[in-house]
Amino acid sequence: MSESVAAPVVALRDVVKTYDDEGLKVTAINGITMEIPRRRFAMIVGPSGSGKTTLLNLIGCIDKPSTGTIEVAGEAVGRLSDNKITDFRAKNIAFIFQNFSLYPVLSAYENVEYPLLLIGMPAKERRERTMGLLEAVGLADQAKQRPNQLSGGQKQRVAIARALVKHPEIVLADEPTANLDSQTGAQIIELMRKMQHEQEVSFIFASHDPQLISHAEETYIIRDGKLVEHRTETV
Amino acid sequence: MFKIAFRNVLRNGRRSLMTALAIVVGATALVLLGEYNAMIKVGMETGLVRGMGHLQVFKKGYFDFGSGKPAAYSIADYEKAIDTIRSDRVLASMITVISPRVSLGGIAGNAAVDKSKTFFGSGLVPSDKDQMNAWDGYGITNGDRPKSGLDDAKPDQVVVGVGLARILGLCKPLKLKDCPASEVPQPAAKLQLLSGAGGAPNIVSVTAVKASGQGAKEMDDSYIGLHFAKAQQLLYGGDQHKATAIVIQLKNSADIPHAKARLAQIFARDKLDLEAKDFDELYPSNKQILGYFMAMFAFIGVVMAIIVGFTIANTMSMSVMERTNEIGTARAMGVRRGGIHRQFLLEGAILGGLGATAGIAIALGLTHLINHAGITYTPPGNASPVDLYLLTKGTQSLLATVWILLTAIATLASIVPANRASRMKVVDALRHV
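Residue numbers (full-length UniProt numbering), protein chains in the order written: chain A, 1 to 235; chain B, 1 to 433.
Keep in mind that the hints were calculated from the coordinates and are not lab data. Every clue listed holds true.
Over 10 Å on every C-beta distance to chain B, these chain A residues come out as not near it, computed from the model: (1) R38; (2) S48; (3) E71; (4) G132; (5) Q149; (6) T219.
Facing chain B, a subset of chain A residues (Cβ under 10 Å, in silico): (7) I62; (8) D63; (9) D82; (10) F88; (11) F97; (12) Y103; (13) P104; (14) L117; (15) I119; (16) D174.
Every residue, glycine too, gets a C-beta built ideally from N, C-alpha and C.
Hey, can you work out the whole structure from these sequences and the hints?
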């Protein structure tokens with residue numbers, strides 16, 4: 001294992017996140033310290049309201065901790081300005097959402113291509129990468145179709161292609177199989193596993209799905225905003 | 001970004017259509033009113049330039065006191081003054097017509113039917129007036145060149161206003177419509193004109209050969225156009241024959257300030273006791289009428305801008321609310337706040353641009369219909385109806401202004417919704433269902 005692989009892709013130190021809910025302070029994350037190794041299929045699990053999504057949002061740099069520090073891909077993200085952290089997300093972090101969150105006005109091809117436009121990739125390379133990813137997820141023939149012409153499984157495949165097309169450091173997925181039937185969910189999990197292996201990217205999930213949890217290489221169990229257990233599976 | 005913005009505009013087609021309709025109505029109203037205003041402006045200007053020229057040269061003081069004492073304020077050496085102006089190299093290239101005039105007032109009588117009426121007379125050189133009537137600086141007359149009705153070789157002929165012709169019992173000899181049955185038939189329209197510059201009045205006999213509508217009723221009931229030499233004879237009698245004014249018509253109205261300044265230089269250089277007035281000074285109502293129409297245009301423009309602004313702001317606000325999750329996704333993927341802001345401004349601008357383009361196209365179609373519908377109306381102060389005609393030549397700047405104005409308003413009205421979209425917290429936006 002090289003040094004860069006040995007360094008964690010995510011490191012949290014004493015992270016606390018509290019919300020002010022109409023004058024009532026709610027602590028969603030309560031002093032979590034944890035590291036997630038690179039290029040792993042990592043799972044954050046726990047009951048509803050345990051803080052899984054909040055933790056994923058903090059790792060994804062779309063929310064800021066109340067106290068504590070977060071390093072993502074070697075960058076201390078807490079000190080970055082809004083524009084810098086947005087640019088950081090554009091290059092290093094990708095999301096797969098439960099509800100797919102594809103642009104309804106763009107075709108499958110255009111949805112996948114969109115993150116590459118944000119990082120200013122030249123047109124030729126953009127085209128090659130986009131078509132390559134659509135072929136990899138088995139949707140090359142549906143490239144021109146809009147999301148409303150695709151099934152739930154196909155939409156999530158487009159979302160996976162969109163997440164991976166820019167070769168991010170981390171892919172974050174919040175309940176990616178929740179809106180899919182079990183058979184399609186299994187296919188999507190298999191696809192993500194395959195893509196993670198091929199692209200050597202770190203996948204971090206928040207999920208309840210036992211089917212998905214069974215594939216975890218790193219499992220972080222959260223309860224009441226605290227990390228209560230960390231299990232590592234030897235691959 | 002443009003592709004996404006354009007598709008987002010088409011996404012909720014019915015709402016976008018209703019929003020665009022408000023802009024279409026605004027653009028159509030502004031273009032039609034602007035074309036009407038433009039027609040009023042160039043129509044009035046063409047009429048004034050044909051009638052009184054761009055500039056008139058007077059003996060100093062005539063403009064204020066001359067009508068009460070014409071002999072004292074007339075230009076004695078008017079022929080020399082005309083030669084001086086005509087031979088000036090700077091002015092020569094600008095001038096189309098330069099001609100002497102005599103303005104006078106007096107009493108016109110028709111002895112055959114025992115009727116008389118005060119008149120306002122304009123003594124002019126018929127061929128010069130006919131040349132002035134050919135002026136068409138804005139290309140709106142389709143070659144229409146009304147004749148003065150007078151002839152250089154027939155100094156005894158006069159043209160009278162239609163109203164004056166009726167008053168003086170000349171309806172039948174001049175073959176006017178709707179003549180009163182009680183009017184006494186006459187073989188010819190003979191008139192006696194009485195006037196003078198002071199002392200004993202002078203009398204001349206003339207023949208009215210034509211009745212010509214003068215627009216405003218006051219003028220129609222008192223106007224007599226007569227030969228310049230006959231007007232001199234009537235005003236000055238046996239004294240030196242002078243001119244009350246020298247009329248100058250230019251090729252382009254834009255040359256007025258330049259020509260006026262040059263005339264002032266010439267008068268100062270040659271120590272001539274003369275001054276030049278432009279048509280806005282001679283006919284101040286022109287500016288007032290145009291100002292009134294401009295104020296009306298501006299008022300309607302402001303009302304339209306407010307309606308368009310509120311409609312766009314409402315539509316964009318609804319769009320932001322509906323696309324909250326989408327905004328969160330875009331921000332999570334790495335679109336900066338500025339990018340979200342620009343996205344919504346662009347959508348507002350596209351809506352405004354599409355609406356304005358459609359509105360202008362409809363306005364041009366309506367203009368064509370109106371101009372060929374034969375609609376007439378009677379403007380304030382006019383004695384007779386005129387064709388309702390909307391100007392289409394040279395209105396490119398109006399169309400561009402309306403398009404830019406409405407597109408800019410649509411863009412500006414999107415600022416508040418765009419601000420709201422760009423300031424959303426990513427996690428809150430993603431949580432929105």
